[in-house]
Amino acid sequence: GDSVTQMEGPVTLSEEAFLTINCTYTATGYPSLFWYVQYPGEGLQLLLKATKADDKGSNKGFEATYRKETTSFHLEKGSVQVSDSAVYFCALGPNQAGTALIFGKGTTLSVSS
Amino acid sequence: DGGITQSPKYLFRKEGQNVTLSCEQNLNHDAMYWYRQDPGQGLRLIYYSQIVNDFQKGDIAEGYSVSREKKESFPLTVTSAQKNPTAFYLCASSLRQGGTEAFFGQGTRLTVV
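In order, the protein sequence lines correspond to chains S and H.
Note that the first sequence covers residues -12 to 100 in the numbering used here.
Note that the second sequence covers residues 197 to 309 in the numbering used here.
Any given hint could turn out to be false.
Derived pair list, reagent style EDC-like, types lysine to aspartate or glutamate, alpha-carbon separation capped at 20 Å [to be verified]:
| # | chain 1 | residue 1 | chain 2 | residue 2 |
| --- | --- | --- | --- | --- |
| 1 | S | Lys64 | S | Glu3 |
| 2 | S | Lys92 | S | Glu29 |
| 3 | S | Lys92 | H | Asp234 |
| 4 | H | Lys267 | H | Asp226 |
| 5 | S | Lys92 | S | Asp71 |
| 6 | S | Lys39 | H | Glu297 |
| 7 | S | Lys47 | H | Glu297 |
| 8 | H | Lys253 | H | Asp226 |
| 9 | H | Lys266 | H | Asp226 |
| 10 | S | Lys92 | S | Asp(-11) |
| 11 | S | Lys43 | H | Glu297 |
| 12 | H | Lys253 | S | Asp(-11) |
| 13 | S | Lys64 | S | Asp41 |
| 14 | S | Lys39 | S | Asp(-11) |
| 15 | S | Lys92 | H | Asp255 |
| 16 | H | Lys279 | H | Asp255 |
| 17 | S | Lys47 | S | Glu63 |
| 18 | H | Lys205 | H | Asp234 |
| 19 | S | Lys43 | S | Glu63 |
| 20 | S | Lys92 | H | Glu297 |
| 21 | H | Lys205 | S | Glu29 |
Sample of chain S residues facing chain H (criterion: CB under 8 Å; computed from the structure) [to be verified]:
| # | residue |
| --- | --- |
| 22 | Phe21 |
| 23 | Glu29 |
| 24 | Leu31 |
| 25 | Phe90 |
Here are some of the chain S residues that sit facing chain H, going by a computed Cβ distance under 10 Å [said to hold, decoys possible]:
| # | residue |
| --- | --- |
| 26 | Ser19 |
| 27 | Thr86 |
| 28 | Ala87 |
The set of hints was computed from the structure by calculation and includes no laboratory data.
All residues carry an ideal CB built from backbone N, CA and C; glycine is no exception.
Full structure from sequences and hints, please.
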């Protein structure tokens, strides 16, 4: 079945460092792809999305490109801030009725000043 | 403001008692979902619903029950048959099922003692 695999954390960075969180997927057809962020004790917030191959989603300095040839959707940010410390989830949305988003296990990011 | 409201934020129950978690949305979304979150395991789907009076089991439905009598409401009951009910529960909704993004509530942390 469809699945999402993302790199295990925690990821620990200094402020202004470059961030990459890897995400790969297995799916039939052409799913939509998402990155969500979760701050401590809260629900998930949509960070960015891409709905077809070669689309680039971007928001708040974060970017991810839908790569069908490598079945990947890696999250990147050029310069992280302490406020980016959170858990990041990659998710897959099969484009068919009767389904729900499928999430990776999450990657914890900790940024220190 | 439109959104999803989960209540309560924290819930304590004694072992053997059933407990119902509330989820209400005013986004006019057709689809609603319940996920369970445990440390290191990401989000696991419990139940989901496409329309009123219809719902489907997710990956870990055993020990849980739901109803969808109104479009805006999707309560989850954690029954005494659920072996390990202590967890963080997240409700979400989306315009439709499939590849559209989901919007999440703030979550309910259930502790069974």
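The hints, checked one at a time:
1. About 9 Å separates the Cα atoms of S/Lys64 and S/Glu3, which keeps this hinted pair within 20 Å; it holds.
2. At most 20 Å may separate the alpha-carbon atoms for a hinted pair to count; S/Lys92 and S/Glu29 meet this at roughly 16 Å.
3. For the hint linking S/Lys92 to H/Asp234, the alpha-carbon distance of about 10 Å falls within 20 Å, and the restraint holds.
4. Of the supplied pair hints, the one linking H/Lys267 and H/Asp226 holds, its CA atoms being roughly 7 Å apart against a limit of 20 Å.
5. For the hint linking S/Lys92 to S/Asp71, the alpha-carbon distance of about 18 Å falls within 20 Å, and the restraint holds.
6. Restraint check for S/Lys39 and H/Glu297: the C-alpha separation of about 14 Å stays at or below 20 Å, so the hint holds.
7. Annotation: proposed proximity of S/Lys47 to H/Glu297 holds, straight-line Cα distance about 18 Å (limit 20 Å).
8. Note on H/Lys253 and H/Asp226: the hinted pairing holds, with a Cα-Cα distance of about 17 Å set against a maximum of 20 Å.
9. For a cut-off of 20 Å, the pair hint linking H/Lys266 to H/Asp226 stands: about 10 Å separates their Cα positions.
10. With a C-alpha separation of about 14 Å, the suggested pair S/Lys92 and S/Asp(-11) falls inside the 20 Å cut-off, and the hint holds.
11. Annotation: proposed proximity of S/Lys43 to H/Glu297 holds, straight-line Cα distance about 16 Å (limit 20 Å).
12. With a CA separation close to 17 Å, the supplied pair H/Lys253 and S/Asp(-11) stays within the 20 Å bound.
13. A threshold of 20 Å between alpha carbons decides the hint, and for S/Lys64 with S/Asp41 the separation of about 18 Å falls inside it, so the pair holds.
14. The hinted pair formed by S/Lys39 and S/Asp(-11) meets the criterion: a straight-line CA distance of about 16 Å does not exceed 20 Å.
15. Distance hint between S/Lys92 and H/Asp255 is fulfilled; the C-alpha atoms sit about 15 Å from each other, no more than 20 Å.
16. Among the hinted pairs, H/Lys279 with H/Asp255 is consistent with the structure: their alpha-carbon atoms are about 15 Å apart, no more than 20 Å.
17. Under the criterion of a C-alpha separation no larger than 20 Å, the hint pairing S/Lys47 with S/Glu63 is consistent with the structure, at around 11 Å.
18. At roughly 16 Å between alpha-carbon atoms, H/Lys205 and H/Asp234 fall within 20 Å of each other, so this suggested pair holds.
19. For the given pair, S/Lys43 sits about 11 Å from S/Glu63 by alpha-carbon distance, which is consistent with the 20 Å threshold.
20. Of the supplied pair hints, the one linking S/Lys92 and H/Glu297 holds, its CA atoms being roughly 18 Å apart against a limit of 20 Å.
21. Straight-line distance between C-alpha atoms of H/Lys205 and S/Glu29 comes to about 10 Å, which keeps the hinted pair within the 20 Å bound.
22. The interface hint given for S/Phe21 holds, since its Cβ lies 6 Å from the closest Cβ of chain H, which is under the 8 Å cut-off.
23. Contact between S/Glu29 and chain H, as hinted, is supported at the beta carbon level, the nearest pair being about 6 Å apart and thus within 8 Å.
24. Interface restraint check: S/Leu31 against chain H, minimum CB-CB distance 4 Å, threshold 8 Å, status holds.
25. Restraint check, S/Phe90 versus chain H: the minimum CB separation of about 4 Å is within 8 Å; hint holds.
26. Satisfaction of the interface hint for S/Ser19 is found here, the shortest Cβ-Cβ separation to chain H being roughly 4 Å, below the 10 Å cut-off.
27. Because the beta carbon of S/Thr86 sits about 6 Å from the nearest beta carbon in chain H, less than 10 Å, this interface hint is met.
28. Given the 10 Å rule on beta carbons, the hint for S/Ala87 holds: about 5 Å separates it from the nearest Cβ of chain H.
In summary, the structure agrees with every hint in the numbered list given earlier.
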